[in-house]
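**Q** Throw the hints in and build the complete structure from the sequences for me.
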Amino acid sequence: MNVVKRDGRVVPVQFDKISSRLEKLAYGLDTKHVHPSAITQRIISGVYDGVTTVELDNLAAETAAYMTTIHPDYATLAARVAISNLQKQTTKKFSEVVEQLYRYINPKNNKHSPMISTKTYEVIQKNAHVLDNAIHYDRDFNYNYFGFKTLERSYLLRLDGKIAERPQHLIMRVAVGIHGDDIESAIETYNLMSKRYFTHASPTLFNAGTPRNQMSSCFLVAMQDDSIEGIYDTLKQCALISKTAGGIGLHIHNIRATGSYIAGTNGTSNGIIPMMRVFNNTARYVDQGGNKRPGAFALYLEPWHSDIFDFIDVRKNHGKEEIRARDLFPALWIPDLFMKRVEQNQEWTLFSPSEVPGLSDVYGDEFEELYTKYERENRGRKTIKAQKLWYSILEAQTETGTPFMLYKDACNTKSNQQNLGMIKSSNLCCEIVEYSSNDEVAVCNLASVALPAFVESDDHTSWYNFEKLHEIAKVVAKNLNKIIDVNYYPVPEARRSNMRNRPIAVGVQGLADAFMLLRLPFDSPEAKELNIQIFETIYHAALEASVELAIKEGPYETYEGSPASQGVLQFDLWGKKPTDLWDWDSLKEKIRAHGLRNSLLVAPMPTASTSQILGYNECFEPYTSNIYSRRVLAGEFQIVNPYMLRDLVEMGLWNDSMKNHIISDNGSIQNLPNIPQEIKDLYKTVWEIPQKAIIDMAADRGAYIDQSQSMNIHLKNPTMGKLTSMHFYGWKKGLKTGMYYLRTQAAAAAIQFTVDQNSAQSAGSTEAILSKINIKKYVPRKLSKVQDVEAVVPVKPASMREEFNKLKLDDEVPPIPVSVSSPATTASTSDSSNEEIVVVETIETTTVTSTANGQEEVDIFNSKVIACAIDNPEACAMCSG
265 MNVVKRDGRV VPVQFDKISS RLEKLAYGLD TKHVHPSAIT QRIISGVYDG VTTVELDNLA
325 AETAAYMTTI HPDYATLAAR VAISNLQKQT TKKFSEVVEQ LYRYINPKNN KHSPMISTKT
385 YEVIQKNAHV LDNAIHYDRD FNYNYFGFKT LERSYLLRLD GKIAERPQHL IMRVAVGIHG
445 DDIESAIETY NLMSKRYFTH ASPTLFNAGT PRNQMSSCFL VAMQDDSIEG IYDTLKQCAL
505 ISKTAGGIGL HIHNIRATGS YIAGTNGTSN GIIPMMRVFN NTARYVDQGG NKRPGAFALY
565 LEPWHSDIFD FIDVRKNHGK EEIRARDLFP ALWIPDLFMK RVEQNQEWTL FSPSEVPGLS
625 DVYGDEFEEL YTKYERENRG RKTIKAQKLW YSILEAQTET GTPFMLYKDA CNTKSNQQNL
685 GMIKSSNLCC EIVEYSSNDE VAVCNLASVA LPAFVESDDH TSWYNFEKLH EIAKVVAKNL
745 NKIIDVNYYP VPEARRSNMR NRPIAVGVQG LADAFMLLRL PFDSPEAKEL NIQIFETIYH
805 AALEASVELA IKEGPYETYE GSPASQGVLQ FDLWGKKPTD LWDWDSLKEK IRAHGLRNSL
865 LVAPMPTAST SQILGYNECF EPYTSNIYSR RVLAGEFQIV NPYMLRDLVE MGLWNDSMKN
925 HIISDNGSIQ NLPNIPQEIK DLYKTVWEIP QKAIIDMAAD RGAYIDQSQS MNIHLKNPTM
985 GKLTSMHFYG WKKGLKTGMY YLRTQAAAAA IQFTVDQNSA QSAGSTEAIL SKINIKKYVP
1045 RKLSKVQDVE AVVPVKPASM REEFNKLKLD DEVPPIPVSV SSPATTASTS DSSNEEIVVV
1105 ETIETTTVTS TANGQEEVDI FNSKVIACAI DNPEACAMCS G
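The sequence shown maps to residues 265 to 1145 in our numbering.
To be clear, the hints were calculated from the coordinates, so they are not data collected in a lab. Since the structure is predicted, the reported quantities are computational estimates derived from the model, not experimental observations. Glycine included, each C-beta is placed from N, C-alpha and C at the ideal position. Only true hints are included.
Below, simulated DSS-like cross-link-like pairs (lysine-lysine); rule was C-alpha separation at most 27 Å, straight line:
no.: 1; residue 1: Lys-357; residue 2: Lys-459
no.: 2; residue 1: Lys-372; residue 2: Lys-507
no.: 3; residue 1: Lys-604; residue 2: Lys-652
no.: 4; residue 1: Lys-980; residue 2: Lys-792
Computed beta-carbon distance windows for the label pairs:
no.: 5; residue 1: Lys-1049; residue 2: Ser-491; range: 50 to 60 Å
no.: 6; residue 1: Val-275; residue 2: Val-1043; range: 48 to 58 Å
no.: 7; residue 1: Pro-1061; residue 2: Lys-426; range: 49 to 59 Å
no.: 8; residue 1: His-582; residue 2: Thr-522; range: 13 to 23 Å
no.: 9; residue 1: Lys-1060; residue 2: Asp-402; range: 54 to 64 Å
**A** Take a look at the structure:
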């Protein structure tokens, strides 16, 4: 039996060479549980005469990946085999690879089609010796198999379908693409990224150093005008942005509702849904960079728009096809007044924007004043119970996971961009909150810090290195600022906005991994404190970096009038006094003296793709399961939480029975009698952690997040009561993003059908030996506690007050009295399980109305259900809603 080598030679197959190669690649792994010979035995069955060495390596890597459920080190070995295989097929020298990519001739048209920009190519060739010598190819082997396969599938550049880049080449390309001929900064960025301290966002990894280096992730677009010209100009903007890998948030508050008069044609409008279907098809057609990622648009609407019921249902699986737009993501931009009306079971008036000018241009007291004025003037299309709309929102969320929910007043009152004007939407992922208008498309560049990289330990103790985190976060902030200047902008309005306001977004990934490395249960008091300290550190570092940039380059153009220019930072807007981990007073003095280079700095994003590359859990979320399936081109693999797997292996509990039991129990270990309680607490899934704890932690870190955060709500069995409780609790905590997606647990996952139930039942019979685990004691940093103080209200620019006064409010008509409790901007983020939420009692009535066909319809929107849910932050399960 023969094998074909990479150079084309045909030689007899030698299985001992396969074993020898695997043993070399298994260096440093747990030899008690990782056995290369077991992989060789499985490979033998797949060998045939004429097999290539490339195919043998692929088979070895896939075999090792399938054995990840035995021990997590098999995933590392699988990656090493795959990466070693790639390195044998690619050119080593970075400068030579760049030369190949730059000189590429497209064989279909024989035209020069460079994959590297001329500027980047010239910088690399000029500094070839330095850059080639700076690369450490052994760092390629730090990726696990699934991280490497993610890079291979979408990120590494190819020539004629064959991968040309290695992971280290990609990182150096990104570093040079950002820093250009600043070689020292490029090498610093390369080293930190290759050591896995942080990663830039997917568009930056895709496009840095290429001829069209569009490195921004998020674009916030304003609907130009409520006209054919305005709508289609906006559509073109969205198409151009999506073409270059940008995700889009678009606000459509100003589009007239169904039945509104059209002066130009003397007709009436069909409303927002037909228009949304046009945007839906554009998202399908113009994907992000040519089949790399599907196009993605989130559309934002305020809940007073009279097409709101159709809007929230656009992703439902049933109903007429002509009123569905399932590739769009509906998002609500919710004023506090709506939440108050729901809470008090009051009426809610729906309007057409064409008949209530300025309503989407104000927030807070000014919105309430204008809204109630229009109500008194009977401009509404329809008046309904606020709770009727609320139930429709919850029903849509339960079925589709959307609409997203963001609180308009919190987003505006706690924004450092509030001096620019009214902020009318967030982005696709609900973490970017920036000003957009007809002449400004807001843009944001993202990067995420890998939080587990700062966990350190000795033989007996572990701790968190805040100084190193601070150092890295400063580098990340400066990198993102640099991207603003070298970026390609798909539309001129995006360039204008980014150059004027210079917002950036430093995010995180692997918070759950960091907690597990430190052996802190996700909802423990120690984890709660560390969560605050991490985000306080990142915010301080980003501000410090921005001040240093302002000293060199000056503050951003629209700095004057911002809260920061008045000495007001994010935690001041929340009514919080930080811990004494960092010196905030001296930083505020520097800001007062020099200003900031960037208007916004911190926004934890979802990190769905980049956290797969680094092998960590997404952003700040808990693990959704301790065992799950992951599909890659090579097939579907079972993945086990690597930290839990190591513990169970060490305790002598891991076997097929245990694996089958965890799969059959939806990835949970809580019902296994032989697992110690401290292990159960450490490996709770998101379905087993109270959502109140998730919201509390979001509010705790919110004081150091000047944009917002992509916070999902996870409910195993959502009911109207539970959902209402979660939403009102988050609103009263002062969150900007109330909910990104609602995640619900499937009744049965496909992976469960692979389970041997007889085997699963015997999983709890083996006795655990906890002493075999080297449990290191976490040593927290001793610091002062966060204190509640009075929230600071910055001075609103005179120009914004003048705009409101132009609306000529009729002060002679008294406003409708609305006796309600407002969301506390200074709500305590300490454990508030006993806090009382005051709900005004309402008299319950059952209303009988006649429908169009004469049938009687009973009003089922029971205010007692809502009151029960609001009054119970623990999300009662007494009723189904």
